[in-house]
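There are 2 protein chains.
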Amino acid sequence: MPDAAIRSVSAYDARFPLPPGAGTDSVHTNSEYSFAVTSLAGENGLRGTGIALTLGNGNKLVCDAIEMLAKPLAGTAIEELMADFGSVSRKLADDPSLRWLGPHKGVVHLALASITNACFDFWAKSRCKPLWKLLLDLAPGEIVRLLDLSYLEEVLNEQGARELLQGQMASRHRRIPILQSGYPGYDTSVGWMAYDDQKVRDLTQRALGSGFRAFKLKVGSDDGRRDLRRAAVLRECIGESGALMFDANQRWSLPVAIRMSRDLAVYRPSWIEEPTHPDDVHAHAVLAREIAPIKIAAGEHIPNRVVFKNFLQASALHYVQADCTRLAGVSEFLAVSLLAKKFLLPVVPHVGDMGQLHQHLVLFNHIALGHEISFLEHIPHLRSQFVFPASVADGCYKTPQDPGASCDLNLSLGDNH
Amino acid sequence: MPDAAIRSVSAYDARFPLPPGAGTDSVHTNSEYSFAVTSLAGENGLRGTGIALTLGNGNKLVCDAIEMLAKPLAGTAIEELMADFGSVSRKLADDPSLRWLGPHKGVVHLALASITNACFDFWAKSRCKPLWKLLLDLAPGEIVRLLDLSYLEEVLNEQGARELLQGQMASRHRRIPILQSGYPGYDTSVGWMAYDDQKVRDLTQRALGSGFRAFKLKVGSDDGRRDLRRAAVLRECIGESGALMFDANQRWSLPVAIRMSRDLAVYRPSWIEEPTHPDDVHAHAVLAREIAPIKIAAGEHIPNRVVFKNFLQASALHYVQADCTRLAGVSEFLAVSLLAKKFLLPVVPHVGDMGQLHQHLVLFNHIALGHEISFLEHIPHLRSQFVFPASVADGCYKTPQDPGASCDLNLSLGDNH
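Residue numbers (our numbering), protein chains in the order written: chain L, 1 to 417; chain B, 1001 to 1417.
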């Protein structure tokens, strides 16, 4: 296999204004979806693109961190890099100065997410495969060498990870048909916080017409009665058979989370998402016990595999919403997926990438790890910005066929700086 | 009282090269102590200075975040700001865009630390008092209004915090004499990782001659036998009566931490510091049980009050090493000190400020909260950089008398940009 070299590394700050009210929730009131983009240039036009999501202001900080952190990648050969990417990732994450700014969280970790995702995109393109196929074609040992499993040793070491992957090989063929069938999306864009009831109704009707059967509603209003009213509206629109999720975006204290979750139970949520502070493992564990059998989802603000491990050890969540634009990219996403498998919990990503990269990763998780896909979040607002937007028809994600990780943006380099 | 106004806000990037080997530990191999400085300019030369520590590369990111986050402070009156600083702090911490970069951790939280510390310095100078005296002169209700206690509600609410402070008022007079006596420092600078055994011996002899009786040694070497040898050297130098602490700076996995802590027990450490990943509450709790009665200290990388709450709830540490240059400044430091009091654990700050600001805070903690001071960390390398360096004589910190929080630096604005 020819070993393509990364000739240069650059970062750019791409920001996209949203339609009025879109992207709003209980704590993010003026979102401007933005990507801190890593661009790896190779020869013959080969280019790897990696993204990490931010909400506008501050996106430049992540770009600046990318420039600092990614310097050592220029001049390296991609096959050599990816043959032991776990070590590469650990070395970048433990930069002796920059790690003080985390460690393994915040701006520097978002930068690492973007860089890592660019490496995987570059790698997949250099092998002319969509990312899901590249990953499925690797042997268990090759997958494990992509991962930094440090600080997980007492729960999941390299041997355990290999065995976990190996154990799923024999049954892979039963899960391959998903590549033809696709899998359902769920719609997050019907219930943004700033939308009034009529807009929720209209958007939900339209989404039902497009084949969606699962929906998310933002909760955590100043007045809890507004949440209950909106929940009733949405439940009425989608009928008893539709799936409904409530997302509080960290707004509630533990006592309020207990009360509101119980009040919302009548609308039969599939989960309550981010009920309280994302660092508060203990509060999530207490809540899980207090509101059982209602399920808890969290992850878009769980910064790294170590904190996920703590959530899993404490039985503090039921749906693992790992996000490869928050974790240290594809590789830490895979490490968390292995952890989740170990704890027998499903991975349902939060899509900071608008589902572009995660559509590959959930296929890998389904086929190679036996993580049954229930559905994948779908947020349509940035569709036109991607060169190869995810193909979602009749409410279902279709398997991407273009080489790479589907993160190339339509803007030319130099825009939006 | 005249209400001084903040006229303008600026940030600057101050970096200080260290002597060879100084500041090195198991993960930070080339430290350049640096402050992301917030400067608040008032009238008649009044200037508030706040600092947050970083290790060089990346310090500019924190400065840039300060510029973004602190904008709303320009034009505000300091008494009005500090009358309800808890709300101000929460609002800054929950900036709708920038909070995505944390929340409440990493670059944006370090920026908030620096900003908050500048506000307290400006406030103390405007009242012509050293910070410790300003804080001691406030009523319990005024202290509580400085604090953002959100996400602590089930453990410590405003009423609980007021009662805790009120409950210590009657016995304050017994603790006031510390203002005359001072209190011991412990020396972190004898045992940096890169120092050879002879240098450790020489520096320890000199520190003993200067009156120090407590010392820290960096551990977490690639080869654990080096840690054991150095521990033996230092224990021999200081004799049986000296206090000795070991600091692994997060290097060990849980299994290694258990083994190394047991091996080091023979040198009778007062504590093992940062044994493993700072986010791993569960691992610290397991370790605490496994190595009892050896004590665990942690905090310099615990990002906020919520994670401290989790550590306390899990009995995962014994010494609370809160650092007001890592937490959101003086106010979150005080919130964590109240939490620690609630859990009956001592606060022994990590001094990212080289002890300049913490010398005030431990006096407040001792007198107003009844947190007995055992000793305060002392790191001498930047003494000459401060306008009013902490006065440490015969191994003891003396009470600072100059107005403010002792963070003004000797460099003029414009240096080190």
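Since the hints were derived computationally from the structure, they do not count as laboratory data.
Being a predicted model, the structure only gives us computed values, none of them experimental.
Take the hints with a grain of salt, since some may be wrong.
To be verified - Covered by chain L, according to a simulated footprint, are these stretches of chain B (three or more residues, beta-carbon under 8 Å):
(1) 1077 to 1090
(2) 1106 to 1113
(3) 1144 to 1150
(4) 1210 to 1216
(5) 1248 to 1254
Just so you know, even glycine gets a beta-carbon here, dropped at the ideal spot from N, CA and C.
Evaluated hints:
no. : hint         : verdict
1   : 1077 to 1090 : violated (count 0)
2   : 1106 to 1113 : holds (count 5)
3   : 1144 to 1150 : violated (count 1)
4   : 1210 to 1216 : violated (count 0)
5   : 1248 to 1254 : holds (count 3)
Against the hints set out earlier in the document, violations occur for numbers 1, 3 and 4.
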